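Using the sequences and the hints, build the whole thing.
Protein chains in written order, with the numbering used here: chain C, 136 to 244; chain R, 136 to 244.
For the record, the hints were derived by calculation from the structure and aren't laboratory data.
These numbers come from a predicted model, not from an experiment.
Any given hint might turn out to be false.
What the hints assert, rightly or not - What follows is a set of in silico ranges between Cβ atoms, one per label pair, in the way DEER data are often shown:
no.	chain 1	residue 1	chain 2	residue 2	range
1	R	Ser187	C	Ala243	47 to 53 Å
2	C	Glu155	R	Gly142	21 to 27 Å
3	R	Gly142	C	Gln212	33 to 39 Å
4	C	Pro143	R	Leu220	48 to 54 Å
5	C	Leu220	R	Ala230	41 to 47 Å
6	R	Glu240	C	Gln216	22 to 28 Å
7	C	Ala159	R	Thr208	34 to 40 Å
8	R	Gln216	C	Leu170	31 to 37 Å
9	R	Pro175	C	Arg191	41 to 47 Å
Beta carbons: idealized from backbone N, C-alpha and C, even for Gly.
2 protein chains.
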Amino acid sequence: MTTYDEGPITLINVFEVEPEKLDAFIASWRERAELMSRQPGFRSLRLHRALSPDSRFQAVNVAQWESADALHTAQAQENWQQMALGAVEELGFTANPAIYRVAIEITAQ
Amino acid sequence: MTTYDEGPITLINVFEVEPEKLDAFIASWRERAELMSRQPGFRSLRLHRALSPDSRFQAVNVAQWESADALHTAQAQENWQQMALGAVEELGFTANPAIYRVAIEITAQ
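Here you go:
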């Protein structure tokens with residue numbers, strides 16, 4: 136088990152989606168994202184779409200939350216879990232979510 | 136083969152690293168990141184470190200470049216390629232780089 140100290144975190148979720156199902160995946164993901172964005176502790180998210188159909192990970196979500204606890208509370212909602220399970224069943228993608236902090240940041244001068 | 140239209144892109148590189156080698160990975164990655172950050176077209180990067188050693192992807196780079204061409208030119212440098220190959224040989228990680236654009240963006244009200 137992992138314990139988290141306080142403070143903002145980044146959720147990164149890396150999706151394997153068949154390229155021909157990517158448009159449908161993004162449309163259904165948007166509904167779940169809008170639900171999550173109304174939960175306490177949500178700050179921002181960006182869903183990234185691969186430019187090449189040959190890329191292993193066709194979609195990557197990078198989201199900021201005020202704490203790991205806030206994220207876990209939002210993910211525990213039954214409503215959201217049912218939407219996510221239904222989308223996996225319909226579209227057959229795999230998700231790889233994990234919690235991160237920024238280790239190195241560089242901005243162009 | 137994938138052709139890219141003009142405009143800014145996001146490079147996302149998802150790394151599988153053994154958790155006990157993560158500190159060494161981040162130290163060697165920093166050297167390569169500093170080299171890349173001096174190349175034309177570089178905008179910014181963030182290397183994210185997983186909070187749990189159980190996460191599949193222990194490190195994720197999210198970087199902004201002015202164009203896919205600028206990124207490819209920077210990646211073609213022999214100096215950088217040799218550094219990256221040496222790090223893979225020493226630390227045994229796998230990299231999964233791909234080029235993305237933002238499909239959905241939501242910020243808290």
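Ala230/R and Leu220/C - C-beta distance against the hinted 41 to 47 Å: 31 Å, violated
Verdict for Glu155/C, Gly142/R (Cβ pair) under range 21 to 27 Å: 25 Å, holds
C-beta pair Pro175/R, Arg191/C: status relative to the range 41 to 47 Å that was hinted: About 28 Å separates the Cβ atoms of Pro175/R and Arg191/C, which means 41 to 47 Å is violated.
Verdict for Ala159/C, Thr208/R (Cβ pair) under range 34 to 40 Å: With a Cβ separation near 35 Å, Ala159/C and Thr208/R satisfy 34 to 40 Å, so the hint holds.
Glu240/R paired with Gln216/C, Cβ distance criterion 22 to 28 Å: At roughly 24 Å between Cβ atoms, Gln216/C and Glu240/R fall inside 22 to 28 Å, so the hint holds.
CB-CB spacing for Leu170/C and Gln216/R relative to the 31 to 37 Å hint: Once the Cβ atoms are compared, 44 Å apart, the range 31 to 37 Å for Leu170/C and Gln216/R is violated.
Leu220/R and Pro143/C - C-beta distance against the hinted 48 to 54 Å: 35 Å, violated
Range hint 47 to 53 Å (beta carbons of Ser187/R and Ala243/C) holds or violated: Between Ser187/R and Ala243/C, where Cβ atoms are some 31 Å apart, the hint is violated.
Range agreement (Cβ of Gln212/C with Cβ of Gly142/R, hint 33 to 39 Å): For Gly142/R and Gln212/C the Cβ distance comes to about 37 Å; the hint holds.
Against the hints set out earlier in the document, violations occur for numbers 1, 4, 5, 8 and 9.
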